[in-house]
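Colleague: Generate coordinates for the entire structure from the input sequences, incorporating the hints supplied.
Top to bottom, those sequences are chains A and B. If you want the numbering used here, it's the position in the first sequence, counting the first as 1, plus 96. If you want the numbering used here, it's the position in the second sequence, counting the first as 1, plus 15.
In short, the hints are calculated from the structure, not lab data. Just so you know, nobody snuck in bad clues.
Not everything, but these chain B residues come out facing chain A in the computed CB check (under 8 Å):
1) Ala36
2) His47
3) Leu91
4) Asp95
5) Val98
6) Asp108
7) Asn133
8) Gly134
9) Leu182
10) Pro186
11) Phe189
12) Asp204
13) Trp219
Covered stretches of chain B, going by a simulated chain A footprint (3 or more residues, C-beta under 8 Å):
14) 111–125
15) 192–199
Ideal placement from N, C-alpha and C gives every residue a C-beta, glycine not left out.
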Amino acid sequence: MPDVINTVLDVAPGDHLDRIRDSRPAAKENSQRTYDALFTPVDTADVTRVERLAVAAFVSRLHRQEELADHYAVALGAVDANLLALVVTQADAGLTTGPYGTYAETGLAAESSDGPRFAVSEEGALELGSRLSAALEHAHLLVFRPREASPEALQRLLDAGWSTTGVVTLSQLVAFLSYQIREVHGLRVLATTEA
Amino acid sequence: MTETTQTAETTETAGVAERAAERVTIHHDVAHPEAFTREPLGWLPWLTPLREDELTERHYEGLVEPARAKNDYFALLARDPEVLGARTRTDLDIFYNTDGGLPRAERELAAAATSRVNGCVFCASVHARLAVKESGRDADVDRLLADGVTTDLDPRWNAIVAASVALTATPPTFDGSHVRALREAGLADEEIVDVINGSAFFNWANRLMLSLGEPRLPRRRASA
Chain A
97 MPDVINTVLD
107 VAPGDHLDRI
117 RDSRPAAKEN
127 SQRTYDALFT
137 PVDTADVTRV
147 ERLAVAAFVS
157 RLHRQEELAD
167 HYAVALGAVD
177 ANLLALVVTQ
187 ADAGLTTGPY
197 GTYAETGLAA
207 ESSDGPRFAV
217 SEEGALELGS
227 RLSAALEHAH
237 LLVFRPREAS
247 PEALQRLLDA
257 GWSTTGVVTL
267 SQLVAFLSYQ
277 IREVHGLRVL
287 ATTEA
Chain B
16 MTETTQTAET
26 TETAGVAERA
36 AERVTIHHDV
46 AHPEAFTREP
56 LGWLPWLTPL
66 REDELTERHY
76 EGLVEPARAK
86 NDYFALLARD
96 PEVLGARTRT
106 DLDIFYNTDG
116 GLPRAERELA
126 AAATSRVNGC
136 VFCASVHARL
146 AVKESGRDAD
156 VDRLLADGVT
166 TDLDPRWNAI
176 VAASVALTAT
186 PPTFDGSHVR
196 ALREAGLADE
206 EIVDVINGSA
216 FFNWANRLML
226 SLGEPRLPRR
236 RASA
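Modeller: Structure below.
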């Protein structure tokens, strides 16, 4: 499959940015392999492909990273246009800036900061179902206030029908997207800042 | 023992293991770090890692190093072995490929600064130790942990920390001013990519470490 970071950045093989990325060839190759493993998985028993695309469309839109938000919106829209509309509505209701949150560590209490705790609307939950609603709420937690992650948050996923393996894949998905979005953002800024 | 009994026992055992895997573990009576620290910490999973007797070739391929089967964090992530394997190989190249690019110490600095902003006490402890090991600058690294990412280190380290912090914000605030500051501090574009890679990767790692388990202080020996 073509390298998705190069594709969304419109980088051709041999361009300055591509040559720089090639100085870390295994990182470049395995970033793509992670993408392939998440979106063309060998096993969809615990997380369906549509669920993966819905979370990706949500997380990329929360980051307001235009290239990847478009990429994942197109991919989700191609399989379920109605679901894309629902996810966009939820993401737009969840826009904020991070990271924030309350530290569990008492010595860091002075650094705790407050911010929104996103919940899918009642109407949204009816249409998305409990599994996907819980996934989007957890994704928002991981994107904006990862320091507030807790066993209780994982219990909410299990209660909504996620398996342990499914939670691992969902966590990898949100965490990988947090990386991929920053790669695209950072490389684009580097390429467009004149020497 | 009849065959029927054996089957019933096997089914019962499998059922117990299955239920144990589908629950959250809350750890009581654990000593937690109460601030950022360079002290070695443990990590306790909230979900059930795979046991060694559950691992197949597919899982070992994802673990990359077989010894990682004994580490709860990797044994938990091995539930999705293809993703774990690609994650680990990305990590190793970004941090340990010393064919050109940024000195190792400054890649670890980017990882520690990112972990400091996101609030991952466990990740910050590991990468603060590595930054000190590679640079010898224990006082500077300790100040980053104690005072936070706006502490004054030196122009080059300040530029690396500021770039990592800006890239870690959601949405990222990393812009041309950060690239110019890194270039003024003497970094070539091949080194700036290592800063971007190191910080971006810790936005991945922090979210796994923070959300699948918790740090713990090492048990003190009674004689210590």
